[in-house]
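Trainee: Build the full structure now, drawing on both the sequences and the hints.
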Amino acid sequence: MMQALVTCRGLTKVFGKGELAVHALDGVDLDIHRGDFATLAGPSGSGKTTLLNMIGALDKPTSGEVTIEGTPLSTMSKAALSELRLEKIGFIFQAYNLIPVLSALENVEFVLQLQHVGAAERRERATAALHEVGLAGMESRRPSAMSGGQQQRIAVARALVSRPSIVLADEPTANLDSTTTAELMELMSRLNRDNGITFVIGTHDPRVMAHSQRHIEMIDGKIESDTND
Amino acid sequence: MLASLAWRNIWRQPVRTGLSLLSMALAAMLMVFIMSLQLGVYDTMKTGALRLFDGFGQFQMPDYLEDPDIEHTLINADAIAQAALQVDGVTAQSPRAGSFAILANGDISFAAAVIGVDPALEPGVTSLGSSIEQGRFLQPGDDAAIVMGIGLARNLDLELGDGVTMLGTGNNGSVAADVLTLVGIFDTGIPMLDRQFTQMPLSRFDETFGMQGNINTIVVSGENLSAILSAEPQLRAIAAQNGVAFRNWEELQPTVKQMIDLDISTSMLTYITMIVLVVFIILNTLYMSVLERTREFGGLMAMGMRPGLIGRMVWLELLFLALLGNGIGILLGSTLVTIFANVGVSFPAMAEVFAQWGVPAVVYPMLSPLSMFLAPGVIVTAIAVLGFIPFRRILRLEPVSAMAEAGT
Chain V
1 MMQALVTCRG
11 LTKVFGKGEL
21 AVHALDGVDL
31 DIHRGDFATL
41 AGPSGSGKTT
51 LLNMIGALDK
61 PTSGEVTIEG
71 TPLSTMSKAA
81 LSELRLEKIG
91 FIFQAYNLIP
101 VLSALENVEF
111 VLQLQHVGAA
121 ERRERATAAL
131 HEVGLAGMES
141 RRPSAMSGGQ
151 QQRIAVARAL
161 VSRPSIVLAD
171 EPTANLDSTT
181 TAELMELMSR
191 LNRDNGITFV
201 IGTHDPRVMA
211 HSQRHIEMID
221 GKIESDTND
Chain U
1 MLASLAWRNI
11 WRQPVRTGLS
21 LLSMALAAML
31 MVFIMSLQLG
41 VYDTMKTGAL
51 RLFDGFGQFQ
61 MPDYLEDPDI
71 EHTLINADAI
81 AQAALQVDGV
91 TAQSPRAGSF
101 AILANGDISF
111 AAAVIGVDPA
121 LEPGVTSLGS
131 SIEQGRFLQP
141 GDDAAIVMGI
151 GLARNLDLEL
161 GDGVTMLGTG
171 NNGSVAADVL
181 TLVGIFDTGI
191 PMLDRQFTQM
201 PLSRFDETFG
211 MQGNINTIVV
221 SGENLSAILS
231 AEPQLRAIAA
241 QNGVAFRNWE
251 ELQPTVKQMI
261 DLDISTSMLT
271 YITMIVLVVF
281 IILNTLYMSV
291 LERTREFGGL
301 MAMGMRPGLI
311 GRMVWLELLF
321 LALLGNGIGI
331 LLGSTLVTIF
341 ANVGVSFPAM
351 AEVFAQWGVP
361 AVVYPMLSPL
371 SMFLAPGVIV
381 TAIAVLGFIP
391 FRRILRLEPV
401 SAMAEAGT
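So the protein lines, in turn, are chains V and U.
My numbering numbers the first residue of the first sequence as 1 and each following residue consecutively.
My numbering numbers the first residue of the second sequence as 1 and each following residue consecutively.
Think of the hints as simulated: they come from the structure by calculation, not from any bench.
Ideal Cβ positions, reconstructed from N, Cα and C, are used throughout, including at glycine.
There may be inaccurate statements among the hints.
Simulated DEER-style distance windows between Cβ atoms [to be verified]:
| # | chain 1 | residue 1 | chain 2 | residue 2 | range |
| --- | --- | --- | --- | --- | --- |
| 1 | V | Ser144 | U | Thr381 | 30 to 38 Å |
| 2 | V | Glu121 | U | Asn342 | 52 to 60 Å |
| 3 | U | Phe280 | V | Ala21 | 55 to 63 Å |
| 4 | V | Ala119 | U | Ile389 | 28 to 36 Å |
| 5 | U | Thr381 | V | Lys78 | 27 to 35 Å |
| 6 | V | Arg9 | U | Leu277 | 55 to 63 Å |
| 7 | U | Gly18 | V | Ala119 | 48 to 56 Å |
| 8 | V | Thr12 | U | Asn284 | 40 to 48 Å |
Mentor: Right, here's the structure in full:
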């Protein structure tokens, strides 16, 4: 069987201590394979964001292990985790998290700058990424001059431009209307289908789930079901 | 990349940045101006006090300063005078001899310092002649003439043209007695000078006090005090070659030096207070901005930007703000100093106090690298160093908690 891109084994995450302790994750085992287009669904507090944070090397589990491409994250230093996020993981956030003082193109280029990619290649790849997400001609606009959907498209372009192994999206459509949501999901589906990009999307929006091939349902920090279309 | 981002970041909140810049620029401007004014006052005070009587430097025998005895005559005086005039910056020299004597008018007598000067050379090194209130200063060709301060003339009940009897001890213990005619009364505004000092022609002094051509000091002067300060190493070398001492302004006017030192130390407290206030206002502003942007920093960390890099970006923001604010301050302050260096700053209420130090009521600020860059430089350096506070906070951030901090 093909090795999983991401493996989670016995993941627990406990916030607080004693009687106030909250088990955000409670023994999660999960494999994400290359090319997956998975949604992580469940009600608020079910552990979706916590699990995405663990997979994205943003947070450390109380116990258990996450490996990405065979490398266990628990053995990595803070700096190495930063490097891993930069090179292998793309993030799309609900609030876009764009840099307001940079233009759309500069926001996308920024990740490549952190990777020390040369100026010409940087400009070329960032422009291509913006074209890919349908923002051609809007390169010089600042995020504040764009709609929510357009800003989220910049975030998608930024997540993709570094050619990551996996893109993690946490409630990417929560701030978008239904038309924009449909357009964004269509875009991500196409990128998955045509380019083989692996997406894991945390959501409780049925319109988002409708686009995914794999549905992972979480309740109370546990995986309740994991089904493929 | 970081510099460009930092520069744009400081303009996110243009009003806040503008106010920060304004407060820094005004503080820097004020400090540049006040310090320039202070240096102007010091310079006027030093120059005024020295020009009036002592000159910018003197050659004396080594023990003459502590014990100004007439018998401490200068050796190789002519050679020293000629050598001093060859030094760049020295424009004039004048020989002097001096002693203490009892001056009398009828039954009234007072002790005073009697200085023999060359009437032709003396105006080149001091400005006592311009303080003549009545009569005139000594002139070449004068013989039994004397000028004295207004206080001494009043005490002796003398008027111009009156005879003054002088009795003192000459060189080698001889008796020095003479009758001189009062030709001028000076009013320097400095009570000590006006009550205790007199000048008479050096030739007559030589004769009366039995100097046999010897003198006690050679006074040197230049275009300004700085010229003599620059020439000081060469003047000291000439003194050493001839076995005598060269005295600079600090040795000739120790009280002026002490007063300047005291004024500097007290005004430093004011400067330090202003600097501390400005630095903390700016740090507080930036720290607030760091707190507001914690979620954004979390997002940058999630993207793979290391906290150290984010910290450096914020540190650059602080540095840009400090450099810009202080740069504007230096520009404004220098402009203000340049304007007032021509028209002067008037202190009519302080006229009497200033007069005691030979300082006029109108003071001209003096722009110098020290006054331009010291205070702004300290502000920028302090801000750059204390920038480690927001930097340290950023280093401690974790991506998830940072992104959650603002309630995402």
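Trainee: Within 55 to 63 Å: is that where the Cβ-Cβ distance between Arg9 of chain V and Leu277 of chain U falls?
Mentor: holds (57 Å)
Trainee: Determine whether the Cβ-Cβ distance between Gly18 of chain U and Ala119 of chain V falls within the hinted range of 48 to 56 Å.
Mentor: Roughly 32 Å apart at Cβ, these two residues miss the hinted range, so it is violated.
Trainee: 28 to 36 Å was suggested as the range; check whether the CB atoms of Ala119 of chain V and Ile389 of chain U agree with it.
Mentor: Given about 34 Å between the Cβ atoms, the range holds.
Trainee: Between Glu121 of chain V and Asn342 of chain U, does the C-beta distance stay in 52 to 60 Å?
Mentor: Taking Cβ atoms as reference, Glu121 of chain V and Asn342 of chain U lie about 58 Å apart, which means the hint holds.
Trainee: Quick one: are Thr12 of chain V and Asn284 of chain U within 40 to 48 Å, going by C-beta?
Mentor: Distance hint for Thr12 of chain V, Asn284 of chain U holds at roughly 41 Å.
Trainee: Could you see if the CB distance from Ser144 of chain V to Thr381 of chain U stays within 30 to 38 Å?
Mentor: holds (36 Å)
Trainee: Honestly, do Thr381 of chain U and Lys78 of chain V meet the 27 to 35 Å range at C-beta?
Mentor: holds (31 Å)
Trainee: For the pair Phe280 of chain U and Ala21 of chain V, does the Cβ-Cβ distance stay inside 55 to 63 Å?
Mentor: violated (41 Å)
Of the numbered hints stated above, those contradicted by the structure are hints 3, 7, listed in ascending order.
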